[in-house]
Every structure is written in structure tokens, then in C-alpha cells.
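Q: Each chain is listed here by its residues.
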Amino acid sequence: MRNSIAIAIFTLREGLKQRIIIGLSLAALIMLTSGVMISGFFMRDISKIVVDLALSVASAGGLMVPFFVGINMLAGDIEKRTIFTIMAQPVSRWHYVIGKYIGLSILTLIVILFLASLGLASIWVGKLMYGPVFFKKFSMKSYLVAVFFNYWGTNVLLSLVVMWSSITTSSFLSFLLTLASYLIGNTLDDIVSFVNTNAPNNPMEETIQTAVIYLQYAVPNLSAFDLKLPVAHGIATSVEEAAVLVSYGAACITFILMISILTFNRRNIA
Amino acid sequence: MKRCLLPCIIGLFALILSVLTTESVHYIRERHSHEVLTRISDLPASLLKASVLEFHGVSADLLLLKTFTWVGMKIGVGADLTREEWKQLAGIIDRITDLDRRFWDPYLFAEMMLTWQGGMVEEANRLLIKASEANPDDYRPLYFLGFNEFYFRKDAARAAPFLRQAALKPGAPGFLKGLAARFSLYGRQTLAGIIFLKGLIKQTTDEKTKKYLQKRLETLEIINMLENAVTSYKEKFGHSPKTIHDLVTDEIIQYVPKDPYGGEFILLKNGSVYTTSGLINHDRSRNTKERPGNLSSK
Chain A
0 MRNSIAIAIF
10 TLREGLKQRI
20 IIGLSLAALI
30 MLTSGVMISG
40 FFMRDISKIV
50 VDLALSVASA
60 GGLMVPFFVG
70 INMLAGDIEK
80 RTIFTIMAQP
90 VSRWHYVIGK
100 YIGLSILTLI
110 VILFLASLGL
120 ASIWVGKLMY
130 GPVFFKKFSM
140 KSYLVAVFFN
150 YWGTNVLLSL
160 VVMWSSITTS
170 SFLSFLLTLA
180 SYLIGNTLDD
190 IVSFVNTNAP
200 NNPMEETIQT
210 AVIYLQYAVP
220 NLSAFDLKLP
230 VAHGIATSVE
240 EAAVLVSYGA
250 ACITFILMIS
260 ILTFNRRNIA
Chain B
0 MKRCLLPCII
10 GLFALILSVL
20 TTESVHYIRE
30 RHSHEVLTRI
40 SDLPASLLKA
50 SVLEFHGVSA
60 DLLLLKTFTW
70 VGMKIGVGAD
80 LTREEWKQLA
90 GIIDRITDLD
100 RRFWDPYLFA
110 EMMLTWQGGM
120 VEEANRLLIK
130 ASEANPDDYR
140 PLYFLGFNEF
150 YFRKDAARAA
160 PFLRQAALKP
170 GAPGFLKGLA
180 ARFSLYGRQT
190 LAGIIFLKGL
200 IKQTTDEKTK
210 KYLQKRLETL
220 EIINMLENAV
230 TSYKEKFGHS
240 PKTIHDLVTD
250 EIIQYVPKDP
260 YGGEFILLKN
270 GSVYTTSGLI
280 NHDRSRNTKE
290 RPGNLSSK
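First to last, the sequence lines map onto chains A and B.
Note that numbering that gives the first Met the number 0 has the first sequence beginning at 0, numbered continuously upward.
Note that numbering that gives the first Met the number 0 has the second sequence beginning at 0, numbered continuously upward.
It is worth saying that the hints were derived from the structure and are not from the lab.
Honestly, I wouldn't trust all of these hints.
Calculated cross-link-like contacts (lysine to any residue; reagent style SDA-like; alpha-carbon spacing at most 25 Å) [unchecked claim]:
1. B:Lys129 - A:Asn195
2. A:Lys140 - B:Ala133
3. B:Lys209 - A:Met36
4. B:Lys129 - A:Ala235
All figures in this text were calculated on a predicted structure; none of them were measured in a lab.
Build the full structure now, drawing on both the sequences and the hints.
A: Next up, the structure:
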């Protein structure tokens with residue numbers, strides 16, 4: 000385990016060296032400032048607009064880690080042969096996989112917490128500008144719960160990055176597969192409801208319907224971790240819901256990482 | 000060669016500047032953004048939800064902002080929306096509220112625009128029912144449903160149950176209970192309009208919108224006063240006045256106030272008072288100035 004922690008710290012340092020936080024904070028500042036201004040154009044739901052944007056910025060920023068830093072560091076390690084430097088040390092392959100995952104997960108946590116704090120600052124500015132009467136529904140506790148589940152959902156995506164990078168030979172392919180998993184994971188619920196609706200002007204083939212129904216159990220449901228809308232409307236998540244989501248996320252991460260370790264152990268990286 | 004370089008750079012710079020400041024780009028953008036916006040209403044709700052991934056809330060916000068801009072631009076240049084555009088507007092608001100069913104602003108926008116400006120009470124009511132289902136603890140959708148039934152459809156019997164339901168919701172203003180009871184007894188549309196507008200003005204902070212609503216309120220208050228005068232006339236003389244000016248001749252009122260919209264008050268056969276302006280400015284140039292600036296209020 001000590002080896003995994005060493006790799007995690009190394010990964011985190013490498014990630015921070017890419018100055019992702021500086022770029023993201025600049026983009027977040029521009030978006031959040033304009034968001035606070037734009038929310039003034041709305042009639043009643045000013046807090047909803049500001050909270051929506053604050054959580055969306057944290058969410059979008061968090062996605063940068065698996066998509067850009069994660070793939071670059073995992074698939075890129077193999078592609079550029081830098082993995083041999085690590086493998087030359089007395090480190091087993093599963094240590095490498097777990098270490099990389101933990102390092103990227105901590106980096107994601109830092110990015111999301113940083114952006115969520117900027118989001119909180121924008122809510123505070125919004126309160127000052129438009130008055131607390133428009134922010135009656137805002138709950139700090141719910142906001143933090145949404146931020147946590149955003150992080151938890153991104154962790155599931157990170158485990159998918161690790162899995163695809165363990166299976167494929169190029170970072171581009173790994174990126175495409177992660178993107179596909181993200182798209183399917185986020186749209187699955189809506190596609191299932193669309194298929195089940197079976198509108199008269201949209202006749203669906205039975206095979207497509209069956210495929211979609213089975214697919215919803217094969218791919219992690221990433222949209223389940225999205226609590227942005229309820230929080231923006233001041234609706235709290237119950238303890239039971241939170242427990243289900245934590246367990247679901249933990250099960251997904253464990254299962255996907257197990258597959259990643261098994262695949263990576265059998266892989267010829269020479 | 001060096002002599003030519005400076006004029007060439009200046010010429011190129013001037014050319015770039017003229018291209019960058021051309022209005023045509025904005026017109027192209029406006030036309031296309033409108034086309035994209037209006038086509039959204041044709042998309043199935045689940046497909047739209049799938050296409051915005053996990054960003055439902057922000058997408059709904061952005062779409063509503065674009066809708067405000069589109070309608071605001073139309074009103075700003077004094078152009079009315081066509082029948083087809085009103086339908087598209089109702090469709091867009093439907094899609095926005097599919098993305099975020101609890102988002103109150105699009106419902107309020109529909110209530111302000113579809114009923115008063117577009118004459119689409121049925122569409123507005125359908126959206127308000129959707130709002131009351133999405134926000135079961137909110138009195139506002141039921142309140143507006145009651146208002147629409149009473150004021151636009153002239154059906155007090157259908158309005159009263161909505162208002163009674165609204166009055167029982169948490170945070171409902173106290174006057175709703177009395178209003179619900181009174182609506183069951185009387186059929187004064189003008190009074191309903193006054194109460195509605197007073198509530199709306201109370202919620203509005205944008206000065207332009209407030210001024211716009213104040214003018215409408217002022218007109219409705221005059222109509223209400225004239226209708227009360229007609230009732231007094233009937234009680235005094237035992238019959239209705241033939242024209243509105245009989246109220247002045249027979250000393251019920253001192254003078255007939257001017258219609259702030261530039262029309263004339265007339266007496267209908269059923270005893271109610273109407274204005275030839277129809278609460279729309281006769282002067283077009285004045286009209287565009289007095290419409291709410293960005294259609295937003297707080």
C-alpha cells in the first residue's frame with residue numbers, strides 16, 4: 000500500500016504541475032462573474048441561476064481531470080513509455096493502478112473544492128447584489144452535499160479512465176471510450192424514458208429497445224450523482240438517498256478498478 | 000518598399016476594423032439564434048434532456064435568457080409576434096420547463112406574455128398546471144390559473160376552486176382567502192385585474208416594467224371607478240345610463256377621466272365599461288418607449 004501512496008503523491012504532484020487550477024480558476028472567475036450579472040435579467044429565481052452556475056462550473060472543472068489530466072497521465076504513460084521508469088522500481092502493477100487512481104482522485108477533489116469555493120463566493124456576491132430575499136431557499140448543507148456527489152460521480156468516471164487506459168493502447172482511444180461512457184452514463188435515464196415512451200411518430204425497433212434496457216445495467220448511471228437541480232431549488236437529499244448513492248458509487252468504483260487491475264496485470268506493455 | 004508598408008498596414012487595419020464593426024454579422028447571428036431557438040420547441044423533451052447531459056439547470060437558464068432576448072428584441076422594435084411565433088414561444092417555454100420543471104421564471108414569463116399579449120390563455124393554463132404539479136407547495140401557479148379563468152375566460156365559477164386551493168398553500172398571501180370567496184359571489188373582472196396587477200407591481204423592481212404595469216393599473220382603476228358610478232346611476236335613476244357622459248350630465252361623477260392609453264371610455268350594453276384603446280397605446284412611437292425594457296423584473 001505504501002507503494003500506491005507514493006505513486007498517488009507522485010501523480011498528484013504531476014497533475015498540479017500542469018497548472019490546471021490556474022486555467023480553471025480563470026475560466027471559473029469569468030463564468031461566475033458573468034453569471035452573477037446575468038442572473039439580474041431573471042425575475043424571481045435569481046438564487047437558482049447563481050447556484051446552478053456555481054455547481055455547473057465545479058462539475059465542468061472536475062471533468063477536466065479525468066478527461067485531460069487523467070488520460071494524459073495514464074494512457075500517455077504507456078504510450079510514451081514513461082511507465083518503465085516506475086515499473087523498474089519494486090512496484091507491482093496493481094500498486095500502479097491504485098496509486099494513479101488515488102492521486103487523480105485527490106487532484107479532482109482539490110479542483111472541485113476550489114471551484115465550489117469560488118461558486119460559494121459568487122453566491123455571496125449575488126446575495127449582496129440582489130438581497131437575501133432571493134436566496135431564502137439556498138442551503139449551505141445541500142450545496143456541500145451536491146459538491147460531494149459531484150466528486151463521487153467524477154470518481155466513478157475516473158475509474159473508467161483507469162479501466163479504458165488499462166485496456167487500450169493509445170490515449171486517443173482511451174479518450175473516446177471515456178467520452179462514450181460519460182455520454183451514455185449521463186443520458187441513459189433520458190434515453191430509456193424516450194424508448195419507453197415510444198411516441199407514435201418515433202417508432203423504435205424492438206432490438207434497440209431491448210439493447211437500451213440492458214445497457215442501463217451495464218454502464219454506470221452517472222446522472223444519478225447529479226444533484227445540481229434539486230439543490231438549486233433548495234431541495235435537500237435524504238439520508239437514505241445519500242446512502243444509496245454512496246454505496247452505488249463505491250460498488251461501481253471497486254468493480255471497475257478490479258477489472259482494470261486484472262486487465263493491466265495480463266497486459267504486455269513492452 | 001518601406002514607403003508602401005505603412006499605408007498598406009493602415010489600409011489593412013481600416014479594412015479589418017470595418018469588417019469587425021459591420022452590423023451584418025449581428026443580423027446574421029440574430030436570425031440564426033432565433034431559428035435555433037424556435038426549432039427547440041419541435042424536439043422531444045427526453046431527447047433535449049439527453050442532449051444537455053448533466054447541465055439541465057444551466058441549459059434551461061440559458062434558453063430562457065435567449066427567449067427573453069428574442070421577445071424583447073421584437074417588442075423593442077415595435078414588431079408584434081406572429082401567430083406562429085406565439086406558438087413557438089409557448090413550445091420553447093414548454094421545453095425549458097421540461098429541462099427544469101420547478102423553474103418558476105418561464106411560467107411567470109408565459110403568464111405575462113402568452114395571456115396578455117398573445118391571447119393564448121389555454122397554453123398559459125397548461126403550463127401553469129405543469130408548474131403546480133412540479134411545485135405542489137407553491138400557491139402562485141394556482142393563483143394565476145384562477146386569475147386566468149376569471150379575467151380572460153370570464154368564468155368565476157372555474158376560478159374560485161383554483162384560488163381556494165392557492166389560499167391553502169404555505170406562504171399564500173392573506174387576501175387570497177377573501178378573494179376566493181368574493182370571486183364565487185361577484186363577477187367583476189376589472190377588480191380581479193386590479194388585484195392581479197397590484198400583486199405583480201409589488202414583485203417588480205425593474206423601473207421600466209413597473210411603469211408599464213402602473214399605467215395598466217391606472218386604466219383599470221378608472222374603469223372600476225366608472226363601473227361603480229354606473230351602478231350608482233342605476234340605483235339613483237332606476238335605469239342604466241345611455242352613454243358614459245350621462246354620468247357627468249346627471250352629476251354622478253364630475254368628469255370622465257382620460258384613458259392613459261389614448262382611447263375613449265365607452266359604456267357597453269351589459270353595463271360594463273370598456274376602452275377603445277384595448278389597453279394598447281395608439282401612438283406606435285410612444286408604445287415602444289413604454290414597453291418594459293428587457294422584460295425582466297424582480
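Q: Next step is simple, just say for each hint if it's right about the structure.
A: For each hint, the structure was consulted:
1. Of the pairs offered as hints, the one joining Lys129 of chain B and Asn195 of chain A holds, with about 21 Å between alpha carbons and a cut-off of 25 Å not exceeded.
2. The straight-line distance between the Cα atoms of Lys140 of chain A and Ala133 of chain B is roughly 23 Å, inside the 25 Å bound, and the hint therefore holds.
3. Proximity of Lys209 of chain B to Met36 of chain A is assessed by CA-CA distance (about 21 Å); at most 25 Å being required, the pair is judged to hold.
4. The suggested pairing of Lys129 of chain B with Ala235 of chain A holds, with an alpha-carbon distance near 22 Å, which does not exceed 25 Å.
Hint violations for this structure: none, all hints satisfied.
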